[in-house]
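Protein chains in written order, with the numbering used here: chain E, 48 to 545; chain F, 1111 to 1611.
Hint data in this document are derived by calculation from the structure and do not stem from the laboratory.
Note that the structure is a prediction, hence the values are computed from the model and not measured.
Mixed in with the good hints there might be a few duds.
Examples of chain E residues lying across from chain F (beta carbon under 7 Å, computed) [stated by the list, open to error]:
#: 1; residue: T94
#: 2; residue: P98
#: 3; residue: P104
#: 4; residue: L107
#: 5; residue: K147
#: 6; residue: L307
#: 7; residue: R340
#: 8; residue: V348
#: 9; residue: P349
#: 10; residue: R478
#: 11; residue: A481
According to the in silico footprint, chain E covers these stretches of chain F (three or more CB under 8 Å from chain E) [claimed, not checked]:
#: 12; stretch: 1287 to 1301
#: 13; stretch: 1459 to 1470
Dumping the calculated DSSO-like pairs for lysine-lysine here, alpha-carbon to alpha-carbon at most 27 Å [claimed, not checked]:
#: 14; chain 1: E; residue 1: K138; chain 2: F; residue 2: K1494
#: 15; chain 1: E; residue 1: K138; chain 2: F; residue 2: K1470
#: 16; chain 1: E; residue 1: K138; chain 2: E; residue 2: K230
#: 17; chain 1: F; residue 1: K1167; chain 2: F; residue 2: K1205
#: 18; chain 1: F; residue 1: K1470; chain 2: F; residue 2: K1537
#: 19; chain 1: E; residue 1: K312; chain 2: E; residue 2: K222
#: 20; chain 1: E; residue 1: K445; chain 2: E; residue 2: K542
#: 21; chain 1: F; residue 1: K1211; chain 2: E; residue 2: K188
#: 22; chain 1: F; residue 1: K1377; chain 2: F; residue 2: K1494
Built from N, CA and C at the ideal position, the CB exists for glycine as well.
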Amino acid sequence: MTAAVLEIDDALATYDPVMGLEVHVELNTKSKMFCGCPTEFGAPPNTQTCPVCLGLPGALPVVNAKAVESAIKIGLALNCEIAEWCRFARKNYFYPDMPKNFQTSQYDEPIAFNGWTEVVVDGETYRIEIERAHMEEDTGKSTHVGGATGRIHGASHSLVDYNRAGIPLIEIVTKTIEVPPAKAAAVARAYVSMLRDLLFALGVSDVRMDQGSLRCDANVSLKPHGSTVLGTRTETKNVNSFRSVERAVTYEITRQAAVLSSGGKILQETRHWHEDTGITTSGREKSDADDYRYFPEPDLVPVAPSREWVEELRATLPEAPSVRRARLQEDWGFTDLEMRDVINGNALEPIVATIELGVTPAAAKKWWLGELARSANESGHDLDALGVGPAEVAEVQKLVDDGTLNDKIARQVFEGLLAGEGTPAEIIEKRGLALVSDDSALLEAIDRAIAANPDVVEKVNSGKPAAAGALIGAVMKDMRGQADAAKVRQLLNEKLGI
Amino acid sequence: MSDLTRKTAAELAELMTSGQASSVEITQAHLDRIAAVDGDVHAFLHVDTEGALAQAKAVDGKRAAGEQLSPLAGVPLALKDVLTQEGVPTTAGSKILEGWKPPYDSTVVKRLKAAGIVILGKTNMDEFAMGSSTENSAYGTTHNPWDLNRIPGGSGGGSSAAISAYEAPLAIGTDTGGSIRQPGAFTGTVGVKPTYGGTSRYGLIALASSLDTPGPCARTTLDAALLHEAIAGYDPMDSTSINQPVPAVVEAARNGDVAGLRIGVVKELGGEGYQPGVEARFHEAVELLTKLGAEVVEVSCPHFEYALPAYYLILPSEASSNLAKFDAMRYGLRVGDDGTNSAETVTSLSREAGFGAEVKRRIILGTHALSSGYYDAYYGQAQKVRTLIARDFAKAYEQVDVLVSPATPTTAFAIGDRIDDPIAMYKNDLCTIPSNLAGNAAASFPCGLADEDGLPVGFHVMAPVMRDDLLYTVGAALESALAEQWGGVLMTKAPELEVTR
């Protein structure tokens, strides 16, 4: 069922959006949060389990020290205070994919709290306040079979995979985000994108949104311009791409505005995001009366990271994103505008990685922004979900550098890469794309061009060598672009004796 | 009855070392005894005949091969059904776990097996250890071998009855509010609750995580100490385990020298509500210790009176969360899974059928106590009381080395007597609960029979955290002094079951 929505401009003409973002990050520790089971993604169901993560009677948790280390690093990178003493708590509720029917999490004593970070949108920097970052365990994964929607309602039965149960999670919660209304959705997207880059740089997570290792819940409410009273919020769960974060926030603004302006009330509820249709639908009604009966986890002892350890970890942090951006811009010699395009296109990390493989900054930017970001935008994918990475870009550029390809043909190779036609070499082979470097074929084409353009030849001969450009163009056209223009010029000059 | 079942664990170990008996013979003798008397006593829920004999045979083989064996290798033991043993049915006394065979060994079982101790089977208990009589077991009540019409105590009534009925020389219990010590007192045996964290909880089906403590049950102080040493010590699988050496319990049990030991009699644990025969035996025991050179003073622990209400908030709160996992999804009883019911309904039907009345009562209590708006008044307040009780102990231990009291206000009561009165039932644990709340070590040792009913009375000793050795010092002193009077340990006065029946 599709709800009525207002146009975004109309919505923002009356209401200011207020957001809060909760991001769940799966850590890339080798073992789970409270047991020794492996954490690799994609193993056959229920093969990475033990009595502890299955919650069997009698089993007990033991905290993964590496996960605590990652949590502290994340807290520090988000400018948080790190608790001198904190505890885990049990969040009690029933769900079949949660083996113990409580989640071991943190409640009023998070490991990291009171932080901030910054995001850049259209060249403007926005500060985001961080409420807390806390440790918890993931649940299992339910698959509902036999229904039309894949949801539990209407399903004939459900399958549960506990491989994911107990994977360490860090939940990062922002304070209320209030930015210029027109920027809200873009700021939400930029925040998640910035977190991805930050967590990647910290090396604490695979940060693969497509595999669920980075998941965003977006809380959105509206209030009339000038009001100081917060509206009722909805929580849109599991928004799993940067673009979807922006779309989901925009959708909720337009939906809530439609409800409010027709005199309706917003229900406090969780909502499901539908990637395909771009809408949210009602999930579970949620109220402040939801009672998880939190209490300190009696099976675990408090976590009390020493200040020395915290400082040791602080010393290992990579430079802050804003500092790093400034340094890279200078190293690369990009203008402010060029750098802004890189950031807005989410292309910073891929460009860094491509340059590390020996490609010049200009060439890396050209391919990532000119070809790949454009294609991602057109197809509605995130840049890292295209299936083309820094290694492929570097390989293509190497072929350009050695004269096998020119830029124009290289674009066709990228087309092939995006279409999944294989490696650059395979695509060149299949599509017959390599530059013709056989002199005889070029010379024949040059002869044809000379024969077809006697007037141009006469101009050249009468002392206007610049006119030869038209002949080069003709040769390239004849060769359907598959020739190295510099080579053509050289041969033509020899032929014409200039 | 075979002579072998009358021996202590230490004597059986000696018989095996000297080649006078094999573990298979000893194990078989106890299996025979179980076959003969357990129909009346009902200490066991599951007897693992094949597994026990195989274990015994393996130990005999190792001994024949000249391998170095631990002190209790080959001695049989009864295991409370709340600890997991791989492949052996484990129910925690509940229908909801009927038929469940755990895929893993608890740490206690791992250590028993490593020590070559032969596990005869699983003993009866109140469902999920909630009770003081075994009457809350889903599988019937255990009978007290001293008087089959009486309860053996609980929740570990099965373990204490098994050793009291000579079905096993040793047993493992778990003590959350007195579940080792109270049955020990009621059956004339020794029951020790080690320091919380001194024995591992890994594989112990949790009742209240912050209170549960596995410990030894035996007919003599030395046997209890030997078993204590075999199962205790740091376990990386249990975060609340204490990473310190095991106190020298065996040495303490062999010495038993109380000369100069400062003993505090807890003023608040006596008087009104205590059976005269219990108080008489208790005070005689205190006098005996004085004669042996102990310095006895009276000590006040003013907050002990709040221990019972605090306990009955903390325990149900933790239990309500610990028992949430029993939802029929992964193991155990499943009711109503006929393809028409939702998962929620199946869970509901299974819990309705699988949990007994006392379990339901405590889940409801705990769920309420943790609810938003009530948490501070109930759970939060109870935790404060807990802190005050720990301070009472700390203050008392500035003056004395150990504290003593009767283990229970009364002797074993008749089956059915208190089953309809939860408060009367809860009061059984008045003396034992404070030690659980503070995490202290504590034990009950036999100190005679009450004049009114001729039933055993327990002498309760409490010692500071990781001073479990002091319990054995007092227990051993008392035991040897009383043995001189009685011509043996108290258990020798127990009725002969085959003769009486």
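* Asked: Does K147 of chain E pass the interface check with chain F, least Cβ-Cβ distance below 7 Å?
  -> holds (5 Å)
* Asked: How about T94 of chain E: closest beta carbon in chain F under 7 Å, or not?
  -> At 14 Å from the nearest chain F Cβ, T94 of chain E fails the 7 Å test, so the hint is violated.
* **Hinted pair K1167 of chain F and K1205 of chain F, Cα distance within 27 Å** => Violated, at roughly 33 Å.
* **Supplied contact hint for P349 of chain E, tested at 7 Å Cβ to chain F** => violated (10 Å)
* Sort out whether K1494 of chain F lies within 27 Å of K1377 of chain F, counting only the CA atoms. => With Cα atoms ~22 Å apart, K1377 of chain F and K1494 of chain F stay inside 27 Å; holds.
* **chain E over the stretch 1459 to 1470 of chain F, status - at least 3 residues with CB closer than 8 Å** => violated (count 0)
* To do: With a cut-off of 7 Å on the beta carbons, see whether V348 of chain E makes it to chain F.
  => V348 of chain E check passes; min Cβ-Cβ to chain F is 5 Å, inside 7 Å.
* Verify the proposed pairing of K138 of chain E with K1494 of chain F, using a straight-line Cα cut of 27 Å. => holds (22 Å)
* Asked: Taken at face value, is the distance from the CA of K188 of chain E to the CA of K1211 of chain F at most 27 Å?
  -> holds (25 Å)
* Asked: Is the interface hint for P98 of chain E satisfied, with its Cβ closer than 7 Å to some Cβ of chain F?
  -> holds (5 Å)
* Asked: Between K138 of chain E and K1470 of chain F, does the CA-CA distance stay at or below 27 Å?
  -> It holds: about 20 Å lies between the C-alpha atoms, which stays within 27 Å.
* To do: Classify the hint on L307 of chain E as holds or violated, based on whether any CB of chain F lies nearer than 7 Å to its CB.
  => violated (29 Å)
Checked against the numbered hints above, the structure violates hints 1, 6, 9, 10, 11, 12, 13, 16, 17 and 20; every other hint is satisfied.
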